[in-house]
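Construct the entire structure; sequences and hints are all you get.
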Amino acid sequence: MTTALLKKTPLHDWHAEHQGRMVDFAGWSMPVQYASIVEEHVATRTAAGLFDISHMGRLRFDGPDAARFLDYLVTRRVDDMTAGKIRYALVTNRAGGVLDDVLVYSLTDANGPFHMMVVNASNCDKICDWIEQHVGGFDVRWQNQTMETSMIAVQGPRALEIARPLLEPDPASLRYFCGTVTNVAGQSSVVSRTGYTGEDGLELIVPNEIAVEVWSKLMASGSNHGLAAAGLGARDTLRLESGMPLYGHELTEQINPLEADLGFAVSLQDRDFIGRAALAAIKQTGTARTRVGLKLDGKRAPREHYAVLSDGEAVGEVTSGTFSPTLQYPVGMAYVKRALAEAGNRLEVDIRGKSFPATVVPLPFYKRP
Amino acid sequence: MKPEELKYAETHEWAHVAEENGETIATIGISAFAVEQLTDLVYMELPEVGRSVTAGEEFGEVESVKAVSPLYSPVTGEIVAVNSELPNNLESLSADAYAAWVLKVRVTDPSSLEKLMDYAAYQKQCAEEG
Numbered sequence: 001m002t003t004a005l006l007k008k009t010p011l012h013d014w015h016a017e018h019q020g021r022m023v024d025f026a027g028w029s030m031p032v033q034y035a036s037i038v039e040e041h042v043a044t045r046t047a048a049g050l051f052d053i054s055h056m057g058r059l060r061f062d063g064p065d066a067a068r069f070l071d072y073l074v075t076r077r078v079d080d081m082t083a084g085k086i087r088y089a090l091v092t093n094r095a096g097g098v099l100d101d102v103l104v105y106s107l108t109d110a111n112g113p114f115h116m117m118v119v120n121a122s123n124c125d126k127i128c129d130w131i132e133q134h135v136g137g138f139d140v141r142w143q144n145q146t147m148e149t150s151m152i153a154v155q156g157p158r159a160l161e162i163a164r165p166l167l168e169p170d171p172a173s174l175r176y177f178c179g180t181v182t183n184v185a186g187q188s189s190v191v192s193r194t195g196y197t198g199e200d201g202l203e204l205i206v207p208n209e210i211a212v213e214v215w216s217k218l219m220a221s222g223s224n225h226g227l228a229a230a231g232l233g234a235r236d237t238l239r240l241e242s243g244m245p246l247y248g249h250e251l252t253e254q255i256n257p258l259e260a261d262l263g264f265a266v267s268l269q270d271r272d273f274i275g276r277a278a279l280a281a282i283k284q285t286g287t288a289r290t291r292v293g294l295k296l297d298g299k300r301a302p303r304e305h306y307a308v309l310s311d312g313e314a315v316g317e318v319t320s321g322t323f324s325p326t327l328q329y330p331v332g333m334a335y336v337k338r339a340l341a342e343a344g345n346r347l348e349v350d351i352r353g354k355s356f357p358a359t360v361v362p363l364p365f366y367k368r369p
Numbered sequence: 001m002k003p004e005e006l007k008y009a010e011t012h013e014w015a016h017v018a019e020e021n022g023e024t025i026a027t028i029g030i031s032a033f034a035v036e037q038l039t040d041l042v043y044m045e046l047p048e049v050g051r052s053v054t055a056g057e058e059f060g061e062v063e064s065v066k067a068v069s070p071l072y073s074p075v076t077g078e079i080v081a082v083n084s085e086l087p088n089n090l091e092s093l094s095a096d097a098y099a100a101w102v103l104k105v106r107v108t109d110p111s112s113l114e115k116l117m118d119y120a121a122y123q124k125q126c127a128e129e130g
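Heads up: the protein sequence lines correspond to chains A and B, in order. If you use this note's numbering, the first sequence corresponds to residues 1 to 369, in order. If you use this note's numbering, the second sequence corresponds to residues 1 to 130, in order.
Careful, some of the hints might be misleading.
[To be verified] Taking lysine to aspartate or glutamate and the EDC-like style, the derived pairs with C-alpha atoms no more than 16 Å apart in a straight line are:
1. A/LYS299 <-> B/GLU61
2. A/LYS367 <-> A/GLU342
3. A/LYS295 <-> A/GLU342
4. A/LYS337 <-> A/GLU317
5. A/LYS7 <-> A/GLU168
6. A/LYS354 <-> B/GLU61
7. A/LYS337 <-> A/ASP297
8. B/LYS124 <-> B/GLU19
9. A/LYS299 <-> B/GLU45
10. A/LYS299 <-> B/GLU91
11. A/LYS354 <-> B/GLU45
[What the hints assert, rightly or not] To give an idea of the interface, some chain A residues facing chain B are shown, with a C-beta separation under 7 Å as derived from the structure:
12. SER36
13. ILE37
14. VAL38
15. LYS295
16. LYS299
17. SER310
18. GLY312
19. PHE323
Think of the hints as simulated: they come from the structure by calculation, not from any bench. A quick note: this is a predicted structure, and the numbers were derived from the prediction, not measured. The C-beta atom is built at its ideal place from N, Cα and C for all residues, glycine as well.
Structure representation (structure tokens):
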């Protein structure tokens with residue numbers, strides 16, 4: 001395998017030593033799975049999964065205008081967040097097309113307040129360029145910390161228990177979508193109650209020097225809690241069951257947040273941001289298509305780019321799908337004509353030339369009990 | 001079946017070739033390497049008995065949680081049997097890929113066998129891909 005030119009996380013050797021099947025993901029050599037995607041998926045749903053997500057882009061913003069600048073950059077109000085708050089938002093272009101979906105963090109460390117934005121690996125260079133183009137006129141210092149830090153997610157019903165011995169204060173004191181700067185293995189790190197699996201859990205941003213130590217301590221702490229190292233394959237099936245969009249699939253520059261059914265992350269009132277005018281106009285006229293969940297009978301999964309049909313006529317396209325390990329039936333997300341998007345509506349998916357019945361179902365497919 | 005005694009296609013199907021009642025019958029399956037690469041199998045589509053296939057032609061599909069993969073016939077001939085139990089017992093492929101046969105093909109063009117690899121050559125290919 002040609003991995004020589006790929007970026008490696010500090011945990012790369014650990015993955016290779018533990019039978020991680022390494023693949024090129026957005027220019028990074030990342031484990032897609034260690035043994036079985038289904039086993040890693042089930043471990044995360046029933047106990048916990050440990051994910052190396054160091055490929056995600058981590059950008060830090062300091063200076064008096066940091067909050068104001070990020071508020072101008074993303075679709076959701078983020079200039080009113082008190083320290084410790086985190087919000088999901090979108091970066092859109094002037095036409096309202098999605099450049100990325102991100103988390104914006106408001107944090108405080110020894111030097112005072114600062115902000116972070118975590119972006120998709122596949123969009124990191126593009127977003128850095130975008131920031132450079134728009135940061136002029138704002139009193140902001142920003143840096144891309146992706147190569148100096150690592151990011152580890154521990155996700156699942158037992159995640160907090162597993163992480164507790166490593167963390168001060170107790171991670172249970174963090175509410176959902178909150179984060180804090182704290183010492184992990186003696187080094188200043190960011191710990192947040194966030195994730196991309198639909199489970200409770202934490203994401204840790206740590207200096208590279210302690211990444212292997214933190215990972216190993218979590219593995220050891222989780223050994224009698226059913227913790228499994230999990231790759232990008234399980235991360236994908238977990239987020240899919242939870243109805244979460246993945247950039248490059250449900251989100252692209254040709255898709256706007258309103259048709260993606262992410263209106264909750266678009267605040268148009270009393271503020272300006274790049275793409276606001278376009279999105280306000282789109283909101284007025286409505287969108288022709290929308291993102292839906294599809295459930296299929298049988299075993300065959302809908303896959304990206306498969307056509308969605310209604311009475312034999314093309315009415316949309318699948319953006320991602322799989323055989324759901326938790327639900328034990330095939331599920332997928334698709335964009336379809338809005339008139340056909342009502343839950344319970346019967347459609348078809350063209351799977352390699354044959355038409356299979358599909359039912360529109362509400363997202364998420366799976367919600368943790 | 002012993003993997004050392006089988007022939008292999010580049011596309012990871014194995015063939016066991018034997019003479020039965022004066023005819024050349026190839027029993028075809030999927031290699032253990034391919035099954036391990038696919039993992040988490042959920043579905044398999046098999047062809048009808050009686051269909052003709054040429055070497056390299058797609059005859060079916062196997063679907064895992066992650067992706068759909070076509071299955072290719074390693075030989076040219078007529079399908080004389082399919083293992084219709086297999087799609088309901090896909091775990092038997094992981095248990096022993098060389099016992100879980102997929103098709104039997106009556107070989108009509110013996111030259112199609114010549115392009116297949118022996119075990120050593122196939123092992124080498126797997127080492128390069130793995």
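Taking the least C-beta to C-beta distance, is A/SER36 closer than 7 Å to chain B?
-> holds (5 Å)
A/LYS299 and B/GLU91: Cα distance at most 16 Å?
-> holds (15 Å)
Going straight from one Cα to the other, do A/LYS354 and B/GLU45 come out at no more than 16 Å?
-> holds (12 Å)
Taken at face value, is the distance from the CA of B/GLU19 to the CA of B/LYS124 at most 16 Å?
-> Given that 16 Å is the threshold and the Cα spacing comes to 28 Å, the pair is violated.
Holds or violated: A/LYS7 with A/GLU168, Cα cutoff 16 Å?
-> violated (32 Å)
Identify whether the interface hint at A/GLY312 stands, where standing means a beta carbon of chain B within less than 7 Å of its own.
-> violated (22 Å)
Quickly compare the C-alpha distance for A/LYS299 and B/GLU45 to 16 Å and report which way the hint goes.
-> Holds: A/LYS299 and B/GLU45 sit about 11 Å apart, inside 16 Å.
Do the numbers back the hint for A/LYS295, that is, is its least Cβ distance to chain B under 7 Å?
-> violated (15 Å)
Would the stated hint for A/VAL38 survive a check requiring a Cβ distance to chain B of less than 7 Å?
-> Status holds, d = 5 Å.
Taken at face value, is the distance from the CA of B/GLU61 to the CA of A/LYS299 at most 16 Å?
-> holds (13 Å)
Answer holds if the nearest beta-carbon of chain B is closer than 7 Å to that of A/ILE37; otherwise answer violated.
-> holds (5 Å)
Given the hinted pair A/LYS337 and A/ASP297, is their alpha-carbon gap at most 16 Å?
-> violated (22 Å)
Checked against the numbered hints above, the structure violates hints 2, 5, 7, 8, 15, 17 and 18; every other hint is satisfied.
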